[in-house]
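**Student:** As a plain string of letters, each chain reads:
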Amino acid sequence: MRASLGLYTNDVAGVFQRSVISGAVEVVERVGLSVSVVELTARVESAAAAGRLTSGTVGSLVLTNVLGDEALSALVASDHPVTLVSHRAPGLGVPTVMHDNRQGMRQLVEHLVASGRDQFVYVGGRSDQLDGRERERFFREELMRNSLDVPAEHFLVGDFEPAVAAASLTDLIRRERGFDAVVAADYLMAIAAMDALRAAGVAVPDEVSVVGFGDGPEAVAAGLTVASADVVELGRRGARQLLAQVHGERLRGYTVIRAGLIVRDS
Amino acid sequence: MEQLRRHNLHLVLRAIYSGAAESRAELAVVTGLTKPTVSTLIGELLAEGFISERGPGRSSESGGKRPTLLRFEPRARQVIGVSVVGNRALGVLSDLAGETSALHVRELAPGEDPLADDAAAVGDVVAGLLPQLDAPLLGIGVGLPGSGASPRPAASLGRRFRVSVYLGNQAELSALGQLAYADGVEQGGTLVNLIVDGGIEMGVCMAGGAVHYGSDLADLVAPAEGVARQLRELLAWGAVRGRVEAVLDAASAEPGRANVGSQVGDAEPAVPSYLRLRQAAGHGNVAATALIDELARNLSVVLAWLVATVRPSQVSLGGRLSDLGESFLDRLKEHAGTQVPAEQLERVALSLAYSEQLGAMGAVALVVQAELELLES
Chain A
1 MRASLGLYTN DVAGVFQRSV ISGAVEVVER VGLSVSVVEL TARVESAAAA
51 GRLTSGTVGS LVLTNVLGDE ALSALVASDH PVTLVSHRAP GLGVPTVMHD
101 NRQGMRQLVE HLVASGRDQF VYVGGRSDQL DGRERERFFR EELMRNSLDV
151 PAEHFLVGDF EPAVAAASLT DLIRRERGFD AVVAADYLMA IAAMDALRAA
201 GVAVPDEVSV VGFGDGPEAV AAGLTVASAD VVELGRRGAR QLLAQVHGER
251 LRGYTVIRAG LIVRDS
Chain B
1 MEQLRRHNLH LVLRAIYSGA AESRAELAVV TGLTKPTVST LIGELLAEGF
51 ISERGPGRSS ESGGKRPTLL RFEPRARQVI GVSVVGNRAL GVLSDLAGET
101 SALHVRELAP GEDPLADDAA AVGDVVAGLL PQLDAPLLGI GVGLPGSGAS
151 PRPAASLGRR FRVSVYLGNQ AELSALGQLA YADGVEQGGT LVNLIVDGGI
201 EMGVCMAGGA VHYGSDLADL VAPAEGVARQ LRELLAWGAV RGRVEAVLDA
251 ASAEPGRANV GSQVGDAEPA VPSYLRLRQA AGHGNVAATA LIDELARNLS
301 VVLAWLVATV RPSQVSLGGR LSDLGESFLD RLKEHAGTQV PAEQLERVAL
351 SLAYSEQLGA MGAVALVVQA ELELLES
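Top to bottom, those sequences are chains A and B.
Those letters in the first sequence? Residues 1 to 266, per my numbering, in order.
Those letters in the second sequence? Residues 1 to 377, per my numbering, in order.
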């Protein structure tokens, strides 16, 4: 029987998760191992539960924060190789692979500023996810670097859910239209924002530019300008990091995968 | 003999890399080597994957056989460059043209010395990037704070990873990184990079990157309000942080100025930073403006000294202080103008280099230069 790696996530059907899983599976199967994908509807907190979950596997790829600190600590203490994807567990010494949120946000804001935009709206991700927190933090840093002020009411809730993002923006449009750019913490929310703007009669990009973090076929079809973060590649890179640990490397710190600006029509 | 062959190999490779020649005949003209020698060297470079043939070019005006065009293959090898920035070791995985595919970051433990003989933090960064290699590793470059670093970390890393390891001062490598890979840098002049962060360091790069050196300036003494004080007391983040924090706290307490730099809904608690200080000054905060002016005045002593002695064509400001932005450079120049003749100062272009990866990119350039001599000399 082939040795198996565990891959744990909160939603195997999510667009982001599906892409990461496909990249990871591609790399792992190429070296003759198998991947057991497990959807966890509740976070695994205890050391005992983590032990049961990972029993029979030679390593774990943890996508989104479905394993609590106690569970992760126990796995690390038992020398079970673990790689976190797109989140971090500060102080636990678990290696991580994630996208370069700082570079991506800098590119998006610089692109908009160079296009003459200076009245921004931000559609945020989930604050319980590292990507959500970091992208907002780096967006704020870039505002300061470019001497731009964004009023508090222009920071909208998006939760990485296109429907939530669209509702928040539609609500804002009803109150005011004092903005010329929308930055979304992911590309699916950005596409929803484009749709919401057009539904309200706002021309994209003539009146309002829209950009988002991450990239996929949906963004290409929508002509969305993005900080391209290849999610399938993130899965591949995460699997490579985990395999290095399975082969005996002790890794510390986090690996950041570059994001590049792709200017399209939005 | 081997040294001469290696020199010629690099001569040919550099001519293709720089675009000076793209066929065997052109290479013979540009390098002065015989055609048979060029053909032998091209064979070696093709076998190593450093170049490839990209098809036939145009025949000459007198007709004859169409030449086979050659191109440089930047992805033939990868290089790891590491620098220590603040309390973290940061590494980049780059191709030979400075295109990076991944970074790896390892926080330093409290009291951990990045210059320790085993260079554990740097080793962790290299180990973290090795799984992401897409091509053979050419070498490892490391930029470390301070000058006169011990060669032991290089030996230790070389034994562990079995490739050549090159060490340099991080400010020196930042300057080299800008010269090699950044836009808007004048290639023929002398570039000085000042890094003002936890310390104060200077890197100088000239002759197209062939000559570079670095110095630690933290112990230099400068007059401040009539008293001679070390630069570390005047400019190092550890000495200034408390004052920045006090100014920002007071600004937050002003009526109508709540949460300077930390708007409602901020996902993370605001920490004192030069970005926030700059924002407070932009909002008209007098204390923030005064503190920024004081920092510019203190640093202007260094700029004036550089202009008078090194005579640079460009000075770039890196490290945390660069977050104060273009208006800080204007103040810096204004204060330096009271210390050196205006015509000397006018010849110097001031710029910001706020990427924290410049030191690591310079470490990449150091390896590429040492192993392949691609930079012009």
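Please note that the accuracy of each hint is not assured.
[To be verified] Taking beta-carbon pairs under 10 Å as the criterion, some of the chain B residues facing chain A (in silico): (1) R5; (2) N8; (3) G49; (4) G98; (5) E99; (6) T100; (7) V105; (8) R106; (9) L130; (10) P136; (11) L137; (12) L275; (13) Q279; (14) V286.
If you're looking for bench data, these hints aren't it; they were derived computationally from the structure.
Glycine included, each C-beta is placed from N, C-alpha and C at the ideal position.
**Student:** With reference to the structure, classify each hint as holding or not holding.
**Tutor:** Hint-by-hint comparison with the structure:
1. Nearest Cβ of chain A to the Cβ of B/R5: about 37 Å, over the 10 Å cut. The hint is violated.
2. Violation of the interface hint for B/N8 is found here, the shortest Cβ-Cβ separation to chain A being roughly 35 Å, above the 10 Å cut-off.
3. The beta carbon of B/G49 is not positioned within 10 Å of any beta carbon in chain A (closest approach about 21 Å), and the interface hint is therefore violated.
4. The restraint placing B/G98 at the interface with chain A is violated, with a minimum CB-CB distance near 12 Å, outside the 10 Å limit.
5. Taken as an interface hint, B/E99 checks out: its beta carbon lies about 9 Å from the nearest beta carbon of chain A, inside 10 Å.
6. Satisfaction of the interface hint for B/T100 is found here, the shortest Cβ-Cβ separation to chain A being roughly 6 Å, below the 10 Å cut-off.
7. Taking 10 Å as the C-beta cut-off, the interface hint given for B/V105 holds, the closest approach to chain A being about 5 Å.
8. Checking B/R106 against chain A: minimum C-beta separation of about 3 Å stays under 10 Å; hint holds.
9. Here the hint on B/L130 is kept, as its CB sits about 7 Å from the closest CB of chain A, short of 10 Å.
10. With a cut of 10 Å, the hint placing B/P136 at the interface with chain A is violated, because the nearest CB-to-CB distance is about 16 Å.
11. With a cut of 10 Å, the hint placing B/L137 at the interface with chain A is violated, because the nearest CB-to-CB distance is about 14 Å.
12. Because the beta carbon of B/L275 sits about 4 Å from the nearest beta carbon in chain A, less than 10 Å, this interface hint is met.
13. A hinted interface residue such as B/Q279 counts as satisfied when its beta carbon comes closer than 10 Å to some beta carbon of chain A; here the least separation is about 5 Å, so the hint holds.
14. Evaluation of the B/V286 hint against chain A yields a violated restraint, the C-beta minimum of about 18 Å exceeding 10 Å.
Consistency note: the structure conflicts with the earlier hints numbered 1, 2, 3, 4, 10, 11 and 14.
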